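On the provided structure of chain A, position chain B with the ligands as indicated by the hints.
Number of protein chains: 2
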Amino acid sequence: MTTDFKLDITLTTQKKEIPPFDQLVFGTSFTDHMFMWDYTEGRGWHDARIVPYQSIPLDPAATVFHYGQSVFEGLKAYRTKDEEILLFRPDQNMKRFNKSNQRLVMPQFDEEFALHALKKLIEIDRDWVPNLPGTSLYIRPFMIATEAHLGVDPAKNYKLMIILSPVGSYYKEGINPVKIAVENKFVRAVAGGTGDAKTAGNYAASLLASEIAGENGYSQVLWLDGREREYIEEVGSMNIFFKMNGEVITPALNGSILDGITRKSIIELLKYWNIPVTERRISISEIQEAYNEGILEEVFGTGTAAVISPVGELFYNNEKLIINNGETGALSKKLYDTITSIQNGTAEDVFGWTVKL
Amino acid sequence: MTTDFKLDITLTTQKKEIPPFDQLVFGTSFTDHMFMWDYTEGRGWHDARIVPYQSIPLDPAATVFHYGQSVFEGLKAYRTKDEEILLFRPDQNMKRFNKSNQRLVMPQFDEEFALHALKKLIEIDRDWVPNLPGTSLYIRPFMIATEAHLGVDPAKNYKLMIILSPVGSYYKEGINPVKIAVENKFVRAVAGGTGDAKTAGNYAASLLASEIAGENGYSQVLWLDGREREYIEEVGSMNIFFKMNGEVITPALNGSILDGITRKSIIELLKYWNIPVTERRISISEIQEAYNEGILEEVFGTGTAAVISPVGELFYNNEKLIINNGETGALSKKLYDTITSIQNGTAEDVFGWTVKL
Ligand SMILES: Cc1ncc(COP(=O)(O)O)c(C=O)c1O
Ligand SMILES: Cc1ncc(COP(=O)(O)O)c(C=O)c1O
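So the sequences go chain by chain: A and B. Its first residue numbered 1, the first sequence is counted upward by one per residue in our numbering. Its first residue numbered 1, the second sequence is counted upward by one per residue in our numbering.
Bound conformation, chain A alone:
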């Protein structure tokens, strides 16, 4: 991998209007600038540049359209009370990005340089980082195959881009329990597949099950393993945790679920608090049994978008498991408050997770 570390900057001459921070909708408005970086086989990475946010022209035969070589990441920047801007564990996202690239036979990139470019981009679009409680700047780095070639082979050319979108709180009043359907017809990923890579196809595969769940009043699905349809994997865009009898358990990283950065942080935080936490295989039957015995105390999802998402109901095999009376549990709330306070700089960052711009 050769990398040319020059970063060209072209500022926009037509600044857009920044949307009011109390009316932000997730992922619909984008800032004034974006980062682009080109990869050419034999030449490596070149032409790193920050340019005005704009459409990208692609040949209709660009392989991303046909053969799906596409990887993305998602992280957030927060504006503190002191007008500082904090990133939450961005090194972890860059590392996972490169790990996904490996699975998709896409080129590795220099993580430090990408992080440098990301910081520069946010600095330029600094005014877009919202400051209201629960708001943040959502950051979407992604890489796509751009070679115009019909043929199932890894592409020779790629583009790595970063775009930014100011987002509101995932839930209007901070944190609210969701209803989740356990999926036993469709499968998102299987061992040996791409489940642990953050690649477009995984999400495309998930849409139909989510649509059907949505029609039945469930906001997301909980995926079971593709082999036995018995072991719990993860939720659409969150990892999942169960609190039973005082112990917190979450599915172990098995190759078919995403190694979530919120998941990882929650585990570290629980250990720090001396709350027992275990990563292991968990069957849906075990959860049903724990529910019937009355020891299933809390269920929550973890992910960058919602941070912590308490689960008020699990629907499985025509049975409704109502968790904690459908209300946010004490631990879910404490985790949410702690993580978000570290993220927005109102609590001490004992773990060194945040990075100042």
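Some hints could be false.
Note that identical chains are pooled: a pair holds if it fits in a single copy or bridges any two copies.
[Said to hold, decoys possible] Derived PhoX-like pairs: lysine-lysine, alpha-carbon spacing no greater than 25 Å straight-line: (1) Lys334 <-> Lys264; (2) Lys320 <-> Lys356; (3) Lys320 <-> Lys120; (4) Lys156 <-> Lys95; (5) Lys95 <-> Lys185; (6) Lys119 <-> Lys15; (7) Lys156 <-> Lys16; (8) Lys156 <-> Lys99; (9) Lys185 <-> Lys99; (10) Lys99 <-> Lys333; (11) Lys119 <-> Lys6; (12) Lys95 <-> Lys271; (13) Lys16 <-> Lys333; (14) Lys95 <-> Lys120; (15) Lys119 <-> Lys264.
In case anyone wonders, no lab produced these hints; they're calculated from the structure. Keep in mind it's a predicted model, so treat the numbers as computed, not measured.
What follows is chain B with the ligands alone, placed relative to chain A:
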């Protein structure tokens, strides 16, 4: 679904040079024009148009880049000795296209109108249809999600496009045995997933295994089922057939393999010839046993690109199964000759498979 059936045509003012038909490389040169059709939620399909082949500008947040809503098809047009142009079972491709769209929560389109537009497009770029033995015009219809929105939901806007590429014979001398590695680490698709839809993510998932097989001298991999890694599925972009003891068998359509149009045609042809042909579950152990007993007579893949691709060697668990001395079998050859002769109009089309422009 509302559909506006007007087809606008804008011809190019700068015709490209048509590459020499004896030097065609698969999927690298494209004709002068392309078809585009837009879908907008609430409005349906609109602005069907044939325009000069050109780049398409897409917002960096277009969902195809991030969440992989993308479906494609592949079929061919042939130029006959009498200067007629024949399509091979194009209705089947349009039908499968819509079936894939359903799985990916993408909109259905009017198949007859799309076929009408396709014929018109080929008519306009008629000079690009090559006439040498083994050559053809490869046709790539595809649909992508174009809405600029970060969020795992079906998009509101799509583009359906058709591009054309003159292609040479898949193998220089017509038909040549390939070496295939049986994949037992990676998985392409699993029951409940997207294996029977022609969507980008399936191909992205297949690249790493193909790369590794390639490094070991194998041109493609044979996928096993995702649950037990025991039952035979298909090859990278072909269905697979085995001839054992005079009987031809091929994996049944089980939801995780593609319903290949060549596969379907081969089955019809074998039945017409009164050669026993069975669609059923086949384990890799059964193939090993048949090989050891000396009754594995021929193995071949079927697909639009290569039509029939004889398999000369299967590599599984460190064992090399050499099939028919590594040579093209008599049945493989006969099937290849028959299908290609129907396709290019030199044999009578008793099945009514071909469609004249
Ligand atoms: C499939 C999937 N699982 C889990 C997560 C949670 O990961 P993270 O905590 O890094 O956001 C996400 C979101 O990134 C995801 O898309
Ligand atoms: C995964 C896969 N299987 C099988 C096939 C063969 O299908 P067809 O005969 O319709 O080309 C293809 C190619 O289209 C394919 O991509």
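25 Å Cα threshold - placement of Lys99 relative to Lys156 | For Lys156 and Lys99, the Cα distance is within 25 Å only inside one copy (19 Å; across copies 31 Å).
How would you classify Lys156 and Lys16 at a CA-CA limit of 25 Å: within, between, both, or neither?
-> between (35 Å within a copy, 24 Å between copies)
Measure nothing new, just compare the shortest in-copy and cross-copy C-alpha distances for Lys119 and Lys6 to 25 Å and report within, between, both or neither.
-> within (15 Å within a copy, 49 Å between copies)
How do Lys320 and Lys356 come out at 25 Å by Cα distance, when the copy is not named: within, between, both, or neither?
-> neither (44 Å within a copy, 57 Å between copies)
Homomeric proximity label, Lys320 with Lys120: Cα distance no greater than 25 Å | neither (49 Å within a copy, 55 Å between copies)
Using 25 Å as the alpha carbon limit, work out where Lys95 and Lys271 are close: within a copy, between copies, both or neither.
-> Only inside one copy: Lys95 and Lys271 sit 23 Å apart there, 54 Å across copies, limit 25 Å.
How would you classify Lys99 and Lys333 at a CA-CA limit of 25 Å: within, between, both, or neither?
-> The answer is neither: 32 Å in one copy and 44 Å across copies each exceed 25 Å.
Using 25 Å as the alpha-carbon threshold, which applies to Lys334 and Lys264: within, between, both, or neither?
-> Only inside one copy: Lys334 and Lys264 sit 16 Å apart there, 59 Å across copies, limit 25 Å.
Since the copies are identical, ignore which copy is meant and state whether Lys156 and Lys95 lie within 25 Å (CA to CA) inside a copy, between copies, both or neither.
-> Only inside one copy: Lys156 and Lys95 sit 22 Å apart there, 32 Å across copies, limit 25 Å.
What label fits Lys185 with Lys99 when the C-alpha limit is 25 Å: within, between, both, or neither?
-> Close across copies (18 Å), not inside one copy (29 Å); limit 25 Å.
Should Lys95 paired with Lys185 be assigned to within, between, both, or neither, using CA atoms and 25 Å as the limit?
-> between (33 Å within a copy, 24 Å between copies)
How would you label the pair Lys16, Lys333 (within, between, both, or neither) given a Cα cut-off of 25 Å?
-> Intra 37 Å, inter 64 Å, cutoff 25 Å: neither.
In the structure shown, a violation is registered for the earlier hints numbered 2, 3, 10, 13, in ascending order.
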